Every structure is written in C-alpha cells, then in structure tokens.
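Q: The chain contents come next:
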Amino acid sequence: MTEVHYTKDHEWIAVDGDIATVGITAYAAEKLGDVVYVDLPALGATVAAGRVVGEIESTKSVGELFAPVDGEVVERNEAVVADPAMVNGDPMGGAWLIKVRFTELPALLTAAEYEELTQG
Amino acid sequence: MENSVSPVPASNRDPRPSPLDAVHVAAGASFTDFAGWKMPVRYGSDLAEHETVRTGAGLFDLSHMAEFLVGGTHAAAFLDAALAGRASAIAVGRAKYSLLLAEDGGILDDLVVYRLGDQRFWVVANAANHDVVAATLAERRTDFDVTLDDETERSALCAVQGPRAREVLSRLPGLVLPEPRTLDGIPYYGIAEATYGETPVLVARTGYTGEDGFELYLDASAAPALWADLVAAGAVPCGLAARDTLRLEAGMPLYGHELTRATRPVEAGLGRISDLATPGARVLVGLAAEGKRAGRAGYAVLRDGAVIGEVTSGALSPTLGIPIAMAYVDADASAVGTELALDVRGTAIPARVVTLPFYSRKAVS
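In the order they appear, the protein sequences are chains A and B. No gaps in the numbering here: position 14 of the first sequence is 14 in the numbering used here, and each next residue is one more. No gaps in the numbering here: position 362 of the second sequence is 362 in the numbering used here, and each next residue is one more.
This is chain B alone, in the form it adopts within the complex (with noise of 0.2 angstroms):
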C-alpha cells in the first residue's frame, strides 16, 4: 500500500462504495481507495484496532473482496486444472489456500477455495485481482461442465477476527447453523452453510491476522444488519490499516507486495501449494531490527554495503514493538540468523533473518 502521505487521493474516478459505507461514513472512519473500493482505513487509532484484535474481537468490512461459485458435475476437475493445487481433494465443508498461475507460472493471484458441496465451491480471491481471475477461470472452463457465478456484487463480507471472535458470534442470536453443527465444529480451514435470520450466510473459520475468527459471507443487502448485531455483541470496528499490520505479523503475503506477477510460488515459499519446485535465486525472508524507524516496501536490503534484496512490506510491530519487514534476498542471505541490513532513506538499520511468522497466536481451541 501507500509508503508517502498523499493526502489527496490520485484517483481520478469515484472508488465504489462497500454495502456498508453509510454504516462506516456514521462511525466515522476514515476512508482509503483500495482495488477501485472505498474502504475503511481505520475509525480510531490503527494501533488500538490492531490491539483489539489480538486480545478482543476485531470487526473487518472485506466487501471489496472477489467471489466466484464454481458448480457442476465437473466443478472439481475444472478448479484442479485452473488452480494450483487438488481442489477435488478438499473434503466439502473444508478450504485450502491457492494460487492462480499464469502459464509461465508467474502468480496471478493467491486465493482461497472452500469446498460446499461434492460439485459446490467458493472461490475467494483479491479485489485488485477481480478481472484477472474472472477473466481466466472463464478462459480455462472450457471443456468442462460447469456453472461459474461471479458473486462480488452481490456478496458483502465481514471478518470477525480474535481470541474473543467464537464468542462474539455465539451471542449473535440472528445464526442458526443446521443441525448438528456447531461453531465450534467448524475447524480452522472449515467452512458452514448457515442462515442469518432469512438471509444464507457462509460461516468460514479463515482469516488474514494470525488470530482465530470467522468470515461471514452474505448477501450485500442483510449486512448493514448483521455488522450492527456484531457491534452489538461486542465486535469492535477495525479498517484496513490493522489489517495490514495484523497480516504481516502473521507472515501472510499480500498480493502486490510478497506476491506477483514476476513472482513464482518457490520464491514465495510456496512451492507446496503448486508442483513447480526449481528453486529460485530469491527467498521471502522475515527480517527483524531494532529501534523505531521501519523498512518499507521497495526499500533495498544490504550485505556488507551491497544490495542483496528488497523489502516487499514493512512496519514497526504493533504487537512486538521492533520493525518488521518481509523481504526478497538473495538466497545465500536467507538462513535465520543472517545479519543483514535495511537502507532506510539513506541510513542502514542493522536487521537480522528471522523465522516466519513474526507472531503467533497461543495455541488454543
């Protein structure tokens, strides 16, 4: 995202707004343009929101998100051949993380894929991603019977993410899972078809801030409702900007930074999720230093002076209180351990290779 203050959007047309940008506009959030959506950035403080959700429950509007219902007798041999990675071996009411390759194997986009039926999917990908996924899922269906819904417009999403997040949905008197499920039936990875008063709504137990949650997907026109029922029960508003902080804490990728176009999976540390498995010349690194002052995104890593690398995403931890960064260097720099150094505007800020994530959640439920 953005590494200058530009307090004048550059955009020259309107982004379009959430299904729930009065409700954002009311609580006063700040907004920010991002993928072509007017998106909350933060409502208060993006330190305290980022807080909130690793000891409370945070409430994220991710209605910018891409979705797309994949159905049909061939729905799994279609998302086997589209996607990297089996789709026809997630068990339904599971999903697994994937990426959409291009043929030279460059990332498309990262995304994930829940499984609702034996021939029911739902494909979850990045807004800036939107027309590229359409696009080549409609371009790669041939051949294959199926049926392939773009559900962005009409879906909205809310996140509920934190330790406190199971407990914020089960004092939501409006869900009601079918029998026998419960919430805590859904495992990470898990998904449940449910219902929020008459409207269905997808309970997904996935998230992008390394803590536990759930994703609530439904139609646009019941979420103003339900946001307010979450608030209700005891969720706590957090834009984008948490978003980013909590995800690369959780050493998550984000599309546009660790992940790319020029970008192969193997680099990204990814080589599982799809066969390709050449090793690169260049490795996704954690990085961690010292002091305030943060390496941002673009900014060159240094050994003994030279550059070897460039930071992808950077920021000084909320949750550790030392900067942070994921970066690409050479591969020779890559072990744990390796004393290294980020050039932040002109200063050299010693920093050291370090395991991914940076943070994670106690082991609970």
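Here chain A stands alone, though its shape is the one from the complex (with noise of 0.2 angstroms):
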C-alpha cells in the first residue's frame, strides 16, 4: 500500500518500498499557473532532502522543484517534459516528476497537515 505525503515546498510524496515518487501539489499546480516548462534532475544523479533539484515554470512565475529526501533519481518522467501542461491537468497522478531511491525518510506533513498549511 503506497502511502502519501507532502512538504511545505508543496510537493507530495508517494512512497512505495525504497522508492519515493514525487510531484507538485495541486495547490502549487494552481498557484503557479500554466506550466510551460519543466526541467528534471538526471536520472541517476545524487540529491540531497531539501535543495534545488529542478524547476516548473509558468507563463507567469518559475517555481522550484526540490528533493524532499536522500537518494539517486531512478526514473524521470519525460512525458511531462515534452507536455508540461500535464502538471496542470493532472498534478498528484499522471504528471509525477520524478521517482528517488532512498534509504531513510525524513519528517513529513500528512495529508491533513498540508491541507492546513494550505489554508492558513
């Protein structure tokens, strides 16, 4: 059972074994606006929990994609590089952006934690 969580860069975390999935929130994906752009970490590079590994940028504002754990980029998902309106028609499914290979998990917001961060 893959469990989900997410950060106060706005990206959830699908983790699944020693694999972590991760993508913007829906919350980030409307925030931003239209993506047009989406650069991604190479696939086996090194990334550290908490810097920039990335970026998604919109017609109107880039964001920042960062690693929220340790570990080495096993997957990219290039179908959102080549159409990255995918992180605006569906950004917690179809349009992950990439997937990390980890050893441990660091603190994390739950679900309802994120969604009250949201509103505050």
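A couple of the hints might just be wrong.
Quick partial rundown of chain A residues pointing at chain B, CB under 8 angstroms, derived from the structure [as the list claims (entries may be wrong)]:
id: 1; residue: V36
id: 2; residue: E57
id: 3; residue: V62
id: 4; residue: F66
Since the hints were derived computationally from the structure, they do not count as laboratory data. Predicted model, so just to flag it, every value in this text is computed and none were measured. Yeah, the Cβ is synthetic: ideal placement off N, Cα and C, and Gly gets one too.
Since each chain sits alone in its own frame, please combine them into the complex, following the hints.
A: This is the structure in structure tokens:
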C-alpha cells in the first residue's frame, strides 16, 4: 500500500518500498498557472533533501523543485518534460516528476497537516 | 509582478475587493493582491484566456485603475502644466497616452487622458500610483480654476478586448450611444459618453492588449449587471495574468517594470511624449530567444559574458511560442539584430534585439 506525504514546499511524495515518487501538489499547480517548462534532474543524479533539483516554470513565474529526500534519481517523467501542461491537468497523478531511491525518510507532513498549511 | 512562487500572500492588510468580487468568486477565479486590490489573476487557464483575446473577445475587470475627473475653465491649461504632452491639443472625444513626471524628469506614472468636452477630461492612472497621482495633481492645481474629483472609489472598469470586441458590444441591448454616434464611429483612442440602461457609461476604444477593444467606465453599482450582459453577449472573463502576457507581446510598458521613478522618458522610448529629449545611456529594447526558458524581471542581460543590462518583463510568449523580454541595455548594445544573452538562473540563453512590439494585430477596421 502506497503512503502519500507532503512537504512545506508544496510537493507530494508517494512512498512504495524504497522508492519515493515526487510531484507538486494541486495547490501549487493552481498557484503557478499554466506550466510551460519543466526541468528535472538527470537520471542517476544524487540528490539531497531540501536542495533545488529542478524548475517548474509557468507563463507568470518560476517554481523550484526541491528534493524531499536524500537519494538517487531512478526515473524521470519524460512525458511531463515533453508536455509540461500535464502538471496542470493531473498534478497528483500522471504528472509525477521524479522517482528517487532513498534509505531514510525525513519528517514529512500528513495530508491533514498539508491541508492546514494551505488554508493558513 | 511576482517572479517566484509565493503561495501565501505576504500582505499584512486585506486587499480591497473589486465591485465585481462576488461575480469573480462565483466564477471560480484565482485572485492576486495587485496594488492593494484583490483582483482575478485567472479564471481557468491563463494561456486559454490569452488566446481568447487574440482570437475572440476577452473581458477584464480593471476596477482597480485610478480615475480622476478634471473640469473647469482652466482644465486644459492645468493638464498641460501638470502632465507631459499637451492635453489642450486633444480633440473632444479623443484620448492621448501621457506621463506624470517628477521635477527631475523621472516618471511618476503613465496615464491616459480622455477629453470628454472642452472643459472636461477623464484621467486614468495606475492603481499602484493612485496616491502619488492624486497628491501631485492636487499640488499642481494651484493657480488653476479647476475641479479635480477622484472617481476611483465610485467607478468600475470593464474592458472588452479582442477582434470580436466590437461584435460583443453591438449585441449589448442596454448600451445606447447618443445619436449620431456609433461604435464604429469611435476611433482607436476615442471615447464616447453613452448610457447602459439608466447608468451613464464612458465607452473608450482603448486597451492594453494589442488588440482592438473597448474600455467601459461606469458606476460601480451597475458593474455586475454590465458584466453579466457582456458574458451573455459572448465575452470570456480573463485575468491579470493573461493581461500581462498580452501587453508584453504588444510591447507596452508596465509601471514598476519598464517605467519607474528612476526612468527617463527618452530611455523608455517615450521621448515623443515629453519635451525632454536628451539621449539616455540605456535604452529599452525587445529581446527574443529560443527554447522555452524565459528571462524574467531582474535577470541580467549579457554581452560577451559582461552584464550590459537588465530584464524588466519576460515570459514565454503564448502567441509566438518563444521567450520574449523587454530589457534596458547599454545604448551601444541596443541596435536591432545585436546578439546578447539572458542570464537565466546561471545559464546564458542567447537572445537577439528585435523591434518592438513582438506582436502586432493584423490591420482591421
């Protein structure tokens, strides 16, 4: 069973075994507006939690993609790179961005905690 | 405007709602705090809204704009003295783009002056500069026999923009122009006093999108009914995000970006608006790049690796599909065709100086 966590940086993390699938939340996608460019870390890149590893650019602004965990990028969603508008269409599903193999999960937000954050 | 995502507004006081706020909430708009006003930033997709204005008819709530009614026997002479350019040379029923300059020539605001009558002018200023415009006009009115009324609170502004704007307005049953005036008789940068039902409305053929269109000024209390009629007539609500990419493609300056207190008119290519014509050391230019990554306000412009300018506005152009930007660059790097680069967060993206505007509508009507 996959468990979904959230970060203060408006990302979601679906954990399955030692693989974390990372995307941005519907709230973040809505705030960004139409996404026109997505830059993701290279396959095999080592990422550190809290560090900027990519960009999500809309017509109006630039959002940063933060690595939510320490680990190694094992998959990139090339479909989203080719069609960035997917981020607006299905941010919590088909428009996942990267998969990271990790050893330890840091403290993350629950769905309820994240919801509270976005309504504050 | 914003160049990074700040999901939680930093404002510490509640922004003022538009007279159309309830309409926007019901339409599911996303809002932004713009110059102290809570205004719709988009209703759905800002790209779709941009496209609507380029191909159909978009509808904008611009009730945040500042309006002043200037009247009296000295009205024209007062505006001649207070603003750059000659308001007295504007024919009745016409309008002119103008600037409010500080004593040292810096730009306090850019505005549009409409002449309603021999002794009546409608002056429209940016929301962000409402207070400084009100104070400066009040200060400069000494010695002139004029009335100066701040109409900002009372008035709403609905703008219908796009190639089908005229068609939409012609389908508006309540809108009546005084004989013999017609919508087609209002030229670009013209204005007519009309009525919408019982309410007086100013119908101006102006805009900030690069398309044909009309701006309708009327009492705030009548705005929700007008808005509903415009939507029923085929206008599609559009937010300020689309308005910003539209005006950027049209090469139109935005106060706070291309124009500031430190900008001289000649640098911004507005020397013809004012009499101050000393050459500037830096010049406002258009830049076009390739790929999908846009230069944003504040990013450095490079020539052979050296910083020679700064971006004031930039986006991936929805209409053209390439990154475009307006920037101030050193005068010797401003010739059309000059190869420069944008420092996009550490990556140098090649960009070329191009003629403004980036986009011009096909000549019609």
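Q: A separate judgement is required for each hint: does it hold in the structure or not?
A: Right, here's what the structure says about each hint:
With its C-beta approaching chain B no nearer than about 5 angstroms, A/V36 sits inside the 8 angstroms limit, and its interface hint holds. For A/E57, the interface hint holds, the least distance from its beta-carbon to any beta-carbon of chain B being 7 angstroms, beneath 8 angstroms. The interface hint given for A/V62 holds, since its Cβ lies 6 angstroms from the closest Cβ of chain B, which is under the 8 angstroms cut-off. Hint status for A/F66 relative to chain B: violated, with the closest Cβ pair at about 12 angstroms, above 8 angstroms.
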